[in-house]
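Enquirer: As a plain string of letters, each chain reads:
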Amino acid sequence: MSDAHAYPHEPTGVETRKLGFWVFLSTEILFFGTLITTFLIFKGRDFPGIKLTDVYDIPFTSVSSFVLLMSSLTMVLAHNALETNDQEKTRVWLLATAMLGAVFLAGQIYEFTEFYHKGFELSTNIFSSTFYVLTGFHGLHVFIGVVLLLALWGIGQRQKGLSLNEGMNLEFIALYWHFVDIVWIVLFTVVYLI
Amino acid sequence: MSETHKEHPSPTKYVQIAIVLAILTAIEVALYYTEDIVGALAPPLLIILAVGKFVIVVGWFMHLRYENSLVNKFFAGGMILALILFAIVMIERAVGNFF
Amino acid sequence: MTKIIEPKKQRNIFSRPSSEEGVWSWITTVDHKRIGIMYGYAAFFFLLVGGLEALLLRIQLSQPDNNFLSAAEYNAMFTMHGTTMIFLAIMPISAAFFNYLLPLQIGARDVAFPRLNALSFWIFIAGGLFLYSTFLFGTAGAPEGGYLAEEVSRLASAPNGGWFGYQPNAGLKYSPGTAMDYWAIGLQILGIASLVSAFNFITTILNMRTKGMRLMRMPVFTWMTFAVSFLLAFSLPIIAIALFFVTFDRQFGTTFFLTEGGGDPVLWQHLFWLFGHPEVYILILPAFGIVSEVLPTFSRKPLFGYPAIVFAGFGIAFIGFGVWAHHMFASAISPVAQAGFGLSTMIIAVPTGVKIFNWLGTIWGGRLTLNTPMLFALGFIGMFVIGGLSGVTHSVVPADTQQTDTYYIVAHFHYVLFGGALFGIFSGLYFWFPKVWGRMYNETMGKIHFWLMIIGFNLTFGPMHWLGLQGQVRRTWVYAEETNLGFWNLIVTIGAFILAIATLVFMANWIYSRRKGEVAPFDPWDARTIEWSIPSPTPVWNFSNAPEVKSLDDFWHQKYGEDEDGRAVRREGTDELLLQLEEEGLNPKEEIHLPSPSYFPVVMAFGLPFLGYAIIYKSIPLALIGVIMLLIGGFGWGTEPLEEEFESSEEEPESGESKNYE
Ligand code: HEM
Ligand SMILES: [Cu+2]
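Protein chains in written order, with the numbering used here: chain A, 107 to 300; chain B, -4 to 94; chain C, 453 to 1114.
Keep in mind that a hint or two might mislead.
[Stated by the list, open to error] Keeping only pairs whose Cα atoms sit at most 27 Å apart, straight-line, the calculated DSS-like set for lysine-lysine is:
#	chain 1	residue 1	chain 2	residue 2
1	A	Lys124	B	Lys68
2	C	Lys663	C	Lys1002
3	C	Lys1002	C	Lys753
4	C	Lys663	A	Lys124
5	A	Lys224	C	Lys1070
6	C	Lys899	C	Lys968
7	C	Lys663	C	Lys1041
8	A	Lys224	A	Lys124
9	C	Lys1041	C	Lys1002
10	A	Lys124	A	Lys195
11	A	Lys195	B	Lys8
12	A	Lys195	A	Lys149
13	C	Lys1041	B	Lys68
14	C	Lys625	C	Lys1070
15	C	Lys625	A	Lys149
16	A	Lys124	B	Lys8
17	C	Lys899	C	Lys753
18	B	Lys68	B	Lys8
19	C	Lys753	C	Lys663
[Claimed, not checked] Footprint (simulated), chain B over chain A, 3 or more residues, beta carbon under 8 Å:
#	stretch
20	123 to 130
21	138 to 150
22	168 to 175
23	182 to 196
24	277 to 288
[As the list claims (entries may be wrong)] Not everything, but these chain C residues come out facing chain A in the computed CB check (under 7 Å):
#	residue
25	Phe651
26	Leu710
27	Gly714
28	Gly715
29	Pro717
These are computed hints drawn from the structure, not numbers from a lab. The beta-carbon is built from N, C-alpha and C at its ideal position, and this holds for glycine as well.
Hey, can you work out the whole structure from these sequences and the hints?
Expert: Here it is in structure tokens:
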């Protein structure tokens, strides 16, 4: 942070960037909250045409949910490895997280194409619209997360190690990643199971 | 960097937590398939399970348990605000016309 | 924190911008003061544009059955007027104050994230230009059988569904063409700008306070900035998603808000006002903050009931989230909700009233200096009370069903927004003029400005009360001769032109005083807060040394003590103190590290409009340009250090004894 000499910082005791990041995450709740609200409102209504229950495949989605859940584990292990300055492991776990994220995304793309083939399209009915916008918005978050993870992994690779500076970045990406995961925990239940 | 920053758990602990998460997910899927037997209890149970997983990931993986209370306040504030506001909207749009 | 390998010094792909003067130094600046000034000028420009639109509206309404504007043009003008004033004028002018003053008031060298701050500013510019490019590229077609069937002029090729974008009117069927898409996506971009700045200000206030600046020692303006940032952070996401849905409805054939596909237009109203009501407090709280600084200074008394003002501010912000459906009394909401929201709306008037009494208590028995900032602050109190009272009359549901959608509502919100927010802003512009430019404004012209403004304002918006109660409907381009509304409408239009003249006086004063005004003394107002303890104009480094704050209104207490009767007496040696402060302020002893300028915020910000055009015109190349700009910006940003040639510190600075967060 800028000039440590003259300026005592952080009277709250929380690192500035981390504080900002948590504020950001708090507002993300409102983003997803609005989407989920809309979804639930429309879920309770009558609408014509094909429904999600006609097309979905619970075992498949369960597996991809599980994959995303486990990526949270690899993420936290990467974080842990960096805290003990084990660069090798940090990179391995980072890459693993990115790969698991990519698998989840691939699953989602596959699922969407399947649904489309079965006639469950974006504008089929109000329910399909909310479904795609909600899960798509989450998918976009996962995608951004994967890009960030890969970027971080690349930096680690090129510099033979992540620095304190990027170390903090890893912490933020980890927070972001776990957040994306908890959103999916909610979505999986709300959209698929209930 | 600050006193409130307690020691983070060890990798083994993380793996144990992940196993718990996996089991909870398995129960969720099982509940889905046994909905006919469990009946009306299924949705509330599913919600409880989701909330449980949510709390575990936020608390341990995101280290919110180990964080300064300020950070906790932000997150909880956002959650509570969202829950109240959206509950009102949902009630209004769903059942409001009957009152 | 465990020690982690040192970063190697790495050269960047792009060389760092280095100029300190000229256009590029402004474009790449990350200095909060320069960003604040740019916010101010840009917002003022949009204020003029929005004002021009208002004049066109008023010319059209000056006589019954007028033909100056077509219906289509009228719709476009009132939509753009509202949207401009709220999102491109008042909000960014407030942001100008936040940017310039916040770090100074808490004794910091800059905001927490200087480059993010530049990003906010440039996204605002990009969003504003995007929205206004609708006049060049946008189209507003003709709904079948609608009034728009005539030839549509360029003036009418702007968004025309109102600043509230009610559905389905703002949907594709009733607002064909691309204009409303410009509106939805433009607001989306502007929302990102405000959201980013909200994160920045919250963190700045919490974490960049100087030694001894406890929360309850912060100036009220800082407190109000804090409250506004929370409102922004928690209300903007809601409208962002709602606008997202609108864009989907218009572009990709979904029906979120359209009944024909099972959608729900009332849901749009909920989501819009869930944002919209916090938004009105986003507009007014900065002005509350400003007058809370101006009144004590020119009454030479401490602010009456500082904690009450602070808590009332947060009370307003909090309750402000719980009153949104008072905008929907005439829509499909249940009687229970009508009663509940009517009640909560009445309740929110309580903390607002608390503030009014605090301000009155502050000037009560004070030795008042009636100069321009003070006049505007007093005008603010008067006008805001009128607006607040008519607001309470709207909270009575049966009465409101008569008032809603009439000029009575227009009168209400102009009394709070113009008479409230804008008067407060003018007060602040005069008050901090010497701080920013190191020169004094011209007092006579300032007073002429004030008197013209308060007369013009009341002529313009006062008659709207009775016009509305007589039944003149808002958002309607003509009224018939037989309604007998002609006389007062003419008066209103005359008032509007007086306001235009007042604005010209203000501009003349500004331009003249910027160059030729008297050189401002060090502390021209004998002020209270620490931003006046440094030289004017503010040096780039703000404070030479981190100041240490010992009390609320710290600067005042450095200058004044109390005698036995509790009256303020100037301490001995205050003059020397001031000289010494100025000397110190101009000549910092230690080396100062300032964040270096950067190109990347601009690059990233201007990627967004390309994405917007890409959605409207379904163009992959445009989308690629946008994405590439975002990527280049993000990558460059991520790899360049905040400060050039300053090594990242090897060890974490000790957080020291400054644990004074409450
Ligand atoms: C004492 C506090 C206030 C109360 C009780 C209040 C109440 C209301 C009510 C009930 C309405 C809806 C009227 C209708 O459409 O039928 C309304 C409209 C409005 N108020 Fe207020 N208000 C207050 C303060 C403010 C402030 C401080 C601002 C802005 C700075 C503001 C800006 C607006 C705007 C812009 C509208 C019109 C929105 C539209 O329909 O386009 N109000 N107010
Ligand atoms: Cu309101």
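Enquirer: Tell me, which hint numbers fail for this structure?
Expert: 8, 12, 13, 26 and 29
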